[in-house]
Amino acid sequence: MSEFPVLSLTIVLPLVGAGFIFFIRGEPAFVERNARWVALWYSLATFALSLVLWVLFDTSTAAFQFVDKTAWMTNPNIAYHVGVDGISLFFVLLTTFLTPLCVLASWRVITSRVKEYMISFLVLETAMIGVFSALDFVLFYLFLEAMLIPMFLIIGVWGGTNREYAAFKFFLYTLLGSVLLLLAILALYLEVGTTDIPDLMERLQRHPLPEGMQRWLWLAMFASFAVKMPMWPFHTWLPDAHVEAPTAGSMLLAGVLLKLGGYGFLRFSLPMLPDATAFFTPLIFTLSVVAIIYTSLVALAQEDMKKLIAYSSVAHMGFVTIGIFTLNTQGIEGAMMVMLSHGVVSAALFLCVGVIYDRCHSRLIGHYGGLVHRMPVYAFVFMVFTLASVALPGTSGFVGEFLSLVGAYQANTLVAVLATAGVVLAPAYMLWLYRRVIFGNLTKEHLKDILDMDAREIAVFAPMVAVVMLMGIYPELFLAVIRVTVENLIVQAGGALDAAPVTAMLQR
Amino acid sequence: MDALYVAAIFSPLVGALIAGFFGRLLGDRAAAVIVCVSVGLAMLAAFVVFYDVALMGRPRGIELFTWIDSGAFEVSWKLRFDTLTAVMVFVVTTVSFVIHVYSIGYMAHDPHIPRFFAYLSLFTFSMLMLVSADNLLQLYFGWEGVGLCSYLLIGFWYTRPAANAAAIKAFIVNRVGDIGFAIGILAIFFTFDAVTFDAVFAAAPNYVDTTIEFLGTRIDTLTLICLLLFIGAMGKSAQLGLHTWLPDAMEGPTPVSALIHAATMVTAGVFMVVRLSPLFEYAPTALAVVAVIGASTAFMTATIALCQTDIKRVIAYSTCSQLGYMFFAIGVSAYSAAIFHLMTHAFFKALLFLGAGSVIHAMSAEQDMRKMGGLWKLIPLTYGVMWVGSLALAGMPFFAGYFSKDIILESAFAAQTGVGNYAFGLGIATAILTAFYSWRLILMTFHGAPRADEKVMAHVHESPKVMTIPLVFLALGSVFAGYIGLRIGMVDAGGAFWRGSIFVLAEHDALAAAHDVPGWVVSMPTVFAVAGILLAFVMYMLAPDLPRLVAARLRPVYLFLLHKWYFDELYDAMFVRPANLLGRGLWRSGDGALIDGVGPDGVAAAALDLARWATRLQTGYLYHYAFAMLIGVAAMVTWYLLAAA
Numbered sequence: 104m105s106e107f108p109v110l111s112l113t114i115v116l117p118l119v120g121a122g123f124i125f126f127i128r129g130e131p132a133f134v135e136r137n138a139r140w141v142a143l144w145y146s147l148a149t150f151a152l153s154l155v156l157w158v159l160f161d162t163s164t165a166a167f168q169f170v171d172k173t174a175w176m177t178n179p180n181i182a183y184h185v186g187v188d189g190i191s192l193f194f195v196l197l198t199t200f201l202t203p204l205c206v207l208a209s210w211r212v213i214t215s216r217v218k219e220y221m222i223s224f225l226v227l228e229t230a231m232i233g234v235f236s237a238l239d240f241v242l243f244y245l246f247l248e249a250m251l252i253p254m255f256l257i258i259g260v261w262g263g264t265n266r267e268y269a270a271f272k273f274f275l276y277t278l279l280g281s282v283l284l285l286l287a288i289l290a291l292y293l294e295v296g297t298t299d300i301p302d303l304m305e306r307l308q309r310h311p312l313p314e315g316m317q318r319w320l321w322l323a324m325f326a327s328f329a330v331k332m333p334m335w336p337f338h339t340w341l342p343d344a345h346v347e348a349p350t351a352g353s354m355l356l357a358g359v360l361l362k363l364g365g366y367g368f369l370r371f372s373l374p375m376l377p378d379a380t381a382f383f384t385p386l387i388f389t390l391s392v393v394a395i396i397y398t399s400l401v402a403l404a405q406e407d408m409k410k411l412i413a414y415s416s417v418a419h420m421g422f423v424t425i426g427i428f429t430l431n432t433q434g435i436e437g438a439m440m441v442m443l444s445h446g447v448v449s450a451a452l453f454l455c456v457g458v459i460y461d462r463c464h465s466r467l468i469g470h471y472g473g474l475v476h477r478m479p480v481y482a483f484v485f486m487v488f489t490l491a492s493v494a495l496p497g498t499s500g501f502v503g504e505f506l507s508l509v510g511a512y513q514a515n516t517l518v519a520v521l522a523t524a525g526v527v528l529a530p531a532y533m534l535w536l537y538r539r540v541i542f543g544n545l546t547k548e549h550l551k552d553i554l555d556m557d558a559r560e561i562a563v564f565a566p567m568v569a570v571v572m573l574m575g576i577y578p579e580l581f582l583a584v585i586r587v588t589v590e591n592l593i594v595q596a597g598g599a600l601d602a603a604p605v606t607a608m609l610q611r
Numbered sequence: 002m003d004a005l006y007v008a009a010i011f012s013p014l015v016g017a018l019i020a021g022f023f024g025r026l027l028g029d030r031a032a033a034v035i036v037c038v039s040v041g042l043a044m045l046a047a048f049v050v051f052y053d054v055a056l057m058g059r060p061r062g063i064e065l066f067t068w069i070d071s072g073a074f075e076v077s078w079k080l081r082f083d084t085l086t087a088v089m090v091f092v093v094t095t096v097s098f099v100i101h102v103y104s105i106g107y108m109a110h111d112p113h114i115p116r117f118f119a120y121l122s123l124f125t126f127s128m129l130m131l132v133s134a135d136n137l138l139q140l141y142f143g144w145e146g147v148g149l150c151s152y153l154l155i156g157f158w159y160t161r162p163a164a165n166a167a168a169i170k171a172f173i174v175n176r177v178g179d180i181g182f183a184i185g186i187l188a189i190f191f192t193f194d195a196v197t198f199d200a201v202f203a204a205a206p207n208y209v210d211t212t213i214e215f216l217g218t219r220i221d222t223l224t225l226i227c228l229l230l231f232i233g234a235m236g237k238s239a240q241l242g243l244h245t246w247l248p249d250a251m252e253g254p255t256p257v258s259a260l261i262h263a264a265t266m267v268t269a270g271v272f273m274v275v276r277l278s279p280l281f282e283y284a285p286t287a288l289a290v291v292a293v294i295g296a297s298t299a300f301m302t303a304t305i306a307l308c309q310t311d312i313k314r315v316i317a318y319s320t321c322s323q324l325g326y327m328f329f330a331i332g333v334s335a336y337s338a339a340i341f342h343l344m345t346h347a348f349f350k351a352l353l354f355l356g357a358g359s360v361i362h363a364m365s366a367e368q369d370m371r372k373m374g375g376l377w378k379l380i381p382l383t384y385g386v387m388w389v390g391s392l393a394l395a396g397m398p399f400f401a402g403y404f405s406k407d408i409i410l411e412s413a414f415a416a417q418t419g420v421g422n423y424a425f426g427l428g429i430a431t432a433i434l435t436a437f438y439s440w441r442l443i444l445m446t447f448h449g450a451p452r453a454d455e456k457v458m459a460h461v462h463e464s465p466k467v468m469t470i471p472l473v474f475l476a477l478g479s480v481f482a483g484y485i486g487l488r489i490g491m492v493d494a495g496g497a498f499w500r501g502s503i504f505v506l507a508e509h510d511a512l513a514a515a516h517d518v519p520g521w522v523v524s525m526p527t528v529f530a531v532a533g534i535l536l537a538f539v540m541y542m543l544a545p546d547l548p549r550l551v552a553a554r555l556r557p558v559y560l561f562l563l564h565k566w567y568f569d570e571l572y573d574a575m576f577v578r579p580a581n582l583l584g585r586g587l588w589r590s591g592d593g594a595l596i597d598g599v600g601p602d603g604v605a606a607a608a609l610d611l612a613r614w615a616t617r618l619q620t621g622y623l624y625h626y627a628f629a630m631l632i633g634v635a636a637m638v639t640w641y642l643l644a645a646a
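If you read the protein sequences in the order shown, they are chains L and U. Residue numbers for the first sequence, in the numbering used here: 104 to 611. Residue numbers for the second sequence, in the numbering used here: 2 to 646.
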């Protein structure tokens with residue numbers, strides 16, 4: 104497409120930055136300072152580059168854009184093949200948007216092994232961008248696995264007291280899923296004869312696999328995506344991982360890594376295995392509804408702020424899976440919007456927890472109370488994201504949640520009605536959390552001289568607030584990019600482009 | 002010209018943003034003035050809008066920009082100005098402005114003035130967005146917006162646990178209703194493939210007598226949709242079952258109560274149903290439900306108001322009750338009567354609340370009527386306006402409430418249906434209760450011997466001008482609003498004034514019939530109201546021991562009413578505690594024991610067991626190994642021999 108390989112450059116740039124940091128030598132203080140600044144500048148440059156992708160993106164086609172293809176192995180025929188479409192573009196942007204904020208969020212907090220920490224984040228960024236833009240299944244798998252290593256290290260090295268258990272649980276779950284995904288990739292290759300994703304899509308559209316085969320492959324992929332998502336009952340790694348991860352780790356975990364499940368369903372399960380998708384839709388709906396109600400109730404009982412937000416993430420992801428499997432425009436676009444919104448909002452909420460954790464070294468709700476007296480700016484920011492999390496109209500959370508409900512209602516009324524239970528339970532646990540942390544009298548001794556957010560922290564939150572409002576008031580900016588790709592996807596997945604045949608449902 | 006219309010809606014938002022973000026820079030006084038000016042400008046613009054749209058008959062729509070466009074689901078930010086909107090914008094901005102000005106005085110000693118005013122005008126903006134919405138989703142935006150602002154304002158004094166609890170309760174109970182509204186919107190989109198009013202209204206007649214699949218059963222399409230939407234209206238307008246948040250909302254500062262009750266929140270449900278009259282008209286079953294719920298609420302909450310001792314709570318329950326009147330008016334298709342009552346009620350309810358605020362202000366923040374009494378000479382102006390407000394509320398002739406309440410009761414009677422009669426009967430019964438508790442309030446507060454301690458009594462003083470002038474203005478409104486509304490033809494049969502913004506089927510025109518009801522129907526509400534007032538005089542002036550005797554004799558009834566029909570206790574036992582228990586249980590046993598126990602922890606433990614078992618084989622004794630080898634060799638040889646044979 105374009106002469107200049109913008110996308111490939113976006114993928115490689117953080118890695119180059121990591122290389123730079125690796126070779127910084129000298130006094131520890133000097134190394135630390137430079138590691139931070141290099142990481143910040145490289146991640147910012149990457150973000151700028153990814154904005155170029157958005158600007159140059161052609162919204163009128165569902166084809167992959169900014170494609171780069173270089174042969175890698177001949178037998179089997181595996182290539183370095185990357186490109187983005189309307190679905191993956193925003194995941195790339197989400198990654199590049201969050202990474203500099205993560206670097207900034209870790210600016211003062213991380214004091215040990217700063218160099219290695221920053222390298223981990225930049226490597227992680229490359230892997231994340233890579234996984235969303237890979238157009239070869241093997242390449243996708245490589246990036247997917249590559250992501251696990253820095254994340255494992257971030258939790259295991261810079262995490263909390265119980266970090267080994269969390270890291271192990273995270274690894275065990277995701278690895279099991281990945282192994283089955285690898286099997287699925289091998290099977291697809293043996294059946295179809297290619298690992299190239301556009302090629303696979305095209306061939307499978309023309310000659311769909313037999314239904315039995317589709318189901319086995321679908322389940323193998325499901326194992327991986329459901330863990331990543333995470334869907335109930337594969338979610339228990341998430342609260343532990345979040346609780347132990349450092350703030351910035353939680354931000355990327357919630358913001359980007361959780362989106363891999365949804366992305367996987369959209370990229371592989373739906374277009375490649377349409378018959379199996381239709382067959383397993385009831386399963387997905389059931390698990391999603393259970394997730395929404397179950398985890399919302401569990402969130403009510405949490406005493407640890409990070410755990411509460413982690414459980415709320417699982418509930419939100421329930422809306423995503425419902426939306427994806429409605430196979431209609433509103434459902435899938437809604438699911439996309441929920442994922443993008445959740446990417447920013449949950450990252451911001453974890454950062455909100457991080458702000459007070461840095462000051463008091465506790466995540467327990469009971470250790471706080473009355474913070475608004477000393478931290479009005481913080482109270483405001485926290486309120487904005489709380490409201491976005493409960494999907495107040497005008498914030499990003501609403502657009503996606505409502506669209507996915509619109510989609511769900513057309514696919515299955517019962518699912519839509521049950522899912523609205525989340526609409527009541529979400530404010531119950533979020534406002535209860537907010538009340539206990541922010542409102543009330545400031546009586547606790549250790550909070551008496553707590554400081555409000557400083558300029559650096561405000562600078563981190565400001566863009567997030569802006570994006571949340573923008574996405575809520577003028578989501579067209581995002582929907583316009585997604586639209587054509589989603590329509591194409593629905594055709595591929597055999598869904599109904601138009602709303603369900605309404606007239607048939609009505610009876611005189 | 003468009004700019005003026007936009008300003009009528011968005012000016013309060015600008016004020017809110019300035020006060021909210023720069024309040025500390027500007028200082029308390031400047032922030033308050035800026036907000037008041039912004040709402041005042043909106044009010045002036047609203048006058049022009051009212052003249053242009055309602056009186057001159059020039060409706061218009063102003064499209065701002067696309068909001069959500071996903072497949073057939075297309076929604077824009079668009080302002081719709083027809084007569085109904087113009088009336089609502091007029092009422093909301095006027096009453097809001099008065100309350101804003103009053104708040105300058107009432108909140109003068111509060112440390113968070115800019116924040117308060119920012120919330121207040123944001124509240125006004127949300128309500129304006131709600132009434133000027135051109136589609137259901139924008140209506141929902143305003144709907145949730147007022148929900149948010151009520152949450153923020155009820156919990157404004159955030160150090161009080163009761164205020165925080167009430168704020169959360171308001172938000173969540175409203176959300177329960179919102180589920181109905183949301184599912185209603187989903188059903189509308191599913192049916193009509195659109196959510197803009199024009200498209201939905203145009204298509205509505207085509208769906209009469211169709212059925213739709215809902216949760217496995219087939220239901221009449223429009224009945225289902227209307228009932229779902231009405232659940233939303235019940236939440237916002239505090240109707241039977243979802244009313245529990247409203248009395249608790251008293252935890253907010255008094256001007257907030259006035260705003261919630263008069264202008265910006267509880268009327269939203271009434272407005273929504275009236276706005277959707279082209280749908281409800283084709284769903285007679287839903288209308289009957291609306292009438293029954295409305296009438297029952299009117300009666301039930303009036304009985305609760307009899308026994309409350311908090312001055313604001315009495316008025317709060319009277320709001321529920323009056324909203325009930327509006328809903329049963331809707332239920333008999335007298336939509337314009339409902340809006341008429343909404344308008345007059347806005348004036349006299351704001352007056353009553355601000356008057357109560359003036360009392361509380363004078364009494365050093367005391368709200369319990371049992372600790373008041375003997376105030377009328379000390380704060381004569383407040384006393385006077387409370388009389389005016391109560392007369393209007395009780396529906397005494399020539400006061401605003403008289404015109405609107407009478408037309409509602411007459412319409413209910415004229416409807417000549419079962420539910421109409423039910424509503425009429427309860428409406429009349431409520432009239433006597435209303436008059437009784439209103440004068441109970443006046444007599445307990447202002448008459449008799451002072452029951453407060455001397456320090457408080459020495460402090461009692463009339464409020465400053467910035468508070469009394471708004472009171473006088475609202476008092477004038479409470480006197481004349483009804484007459485003016487009648488003169489401009491708000492409740493004329495046929496609804497020419499509304500120019501199609503309210504839709505009534507010809508055979509449903511209860512208003513037309515209401516003009517020919519027998520004379521006893523017309524005079525009955527007044528007679529009953531006078532009886533209620535006299536009863537209050539007897540019980541609280543002439544024989545002050547009587548209330549205690551009655552309470553003692555009818556103790557179960559008294560307790561039942563005092564505990565507000567035990568709704569809170571019931572909900573706590575049915576929903577709140579089970580949800581918490583369930584959450585804890587699912588977490589500990591579901592996530593902890595079951596999923597983790599069988600899943601990762603279980604697998605890990607099993608792997609460890611296996612490893613331990615394997616290590617036990619390695620004893621280190623040579624003869625153990627030799628023995629194992631021997632068995633192995635024997636087994637292999639056997640295998641070979643058998644396989645060869």
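Hint data in this document are derived by calculation from the structure and do not stem from the laboratory. Where hints are given, some of them may not hold.
Stated by the list, open to error - Far from chain L by the CB rule (all over 10 angstroms, computed), these chain U residues: (1) Leu5; (2) Ala31; (3) Phe66; (4) Thr67; (5) Phe142; (6) Leu149; (7) Ile180; (8) Ala497; (9) Asp592; (10) Asp597; (11) Val638.
Said to hold, decoys possible - Covered by chain U, according to a simulated footprint, are these stretches of chain L (three or more residues, beta-carbon under 8 angstroms): (12) 287-295; (13) 540-546.
Being a predicted model, the structure only gives us computed values, none of them experimental. Note that beta-carbon positions come from the ideal geometry of N, C-alpha and C, so glycine has one too.
Separation of Ile180(U) from chain L, once the least beta-carbon distance is taken, above 10 angstroms: Violated: least Cβ distance 5 angstroms, not greater than 10 angstroms.
Verdict on chain U covering the region 540-546 of chain L, criterion of 3 CB contacts below 8 angstroms: holds (count 4)
Distance rule for Ala31(U), whose beta carbon must clear each one in chain L by more than 10 angstroms: Holds: least Cβ distance 18 angstroms, greater than 10 angstroms.
Interface-negative label, Asp597(U) against chain L, beta-carbon threshold 10 angstroms: violated (5 angstroms)
Non-interface claim for Val638(U) versus chain L (Cβ beyond 10 angstroms): holds (38 angstroms)
Reported absence of Leu5(U) from the contact zone with chain L (all CB gaps over 10 angstroms): Leu5(U) is indeed farther than 10 angstroms from all Cβ atoms of chain L, at 23 angstroms.
Least C-beta distance between Phe142(U) and chain L, which was stated to exceed 10 angstroms: violated (4 angstroms)
Interface exclusion of Thr67(U) relative to chain L, criterion Cβ beyond 10 angstroms: For Thr67(U), whose nearest Cβ neighbour in chain L is about 5 angstroms away, the distance does not exceed 10 angstroms, so it is violated.
Stated coverage of the region 287-295 of chain L by chain U [criterion: 3+ residues, CB within 8 angstroms]: Our answer is that it is violated, as 0 residues pass the Cβ test (under 8 angstroms) against chain U, missing three.
Given as non-interface: Leu149(U), partner chain L, CB spacing beyond 10 angstroms: violated (6 angstroms)
Assertion that Asp592(U) lies farther than 10 angstroms from chain L (Cβ): Not fine: 5 angstroms to the nearest Cβ puts Asp592(U) too close to chain L.
Ala497(U) non-interfacial with respect to chain L [C-beta, more than 10 angstroms]: Nearest chain L Cβ is 35 angstroms from Ala497(U), so the label holds.
In terms of the numbered hints stated before, the structure departs from hints 3, 4, 5, 6, 7, 9, 10 and 12, listed from lowest to highest.
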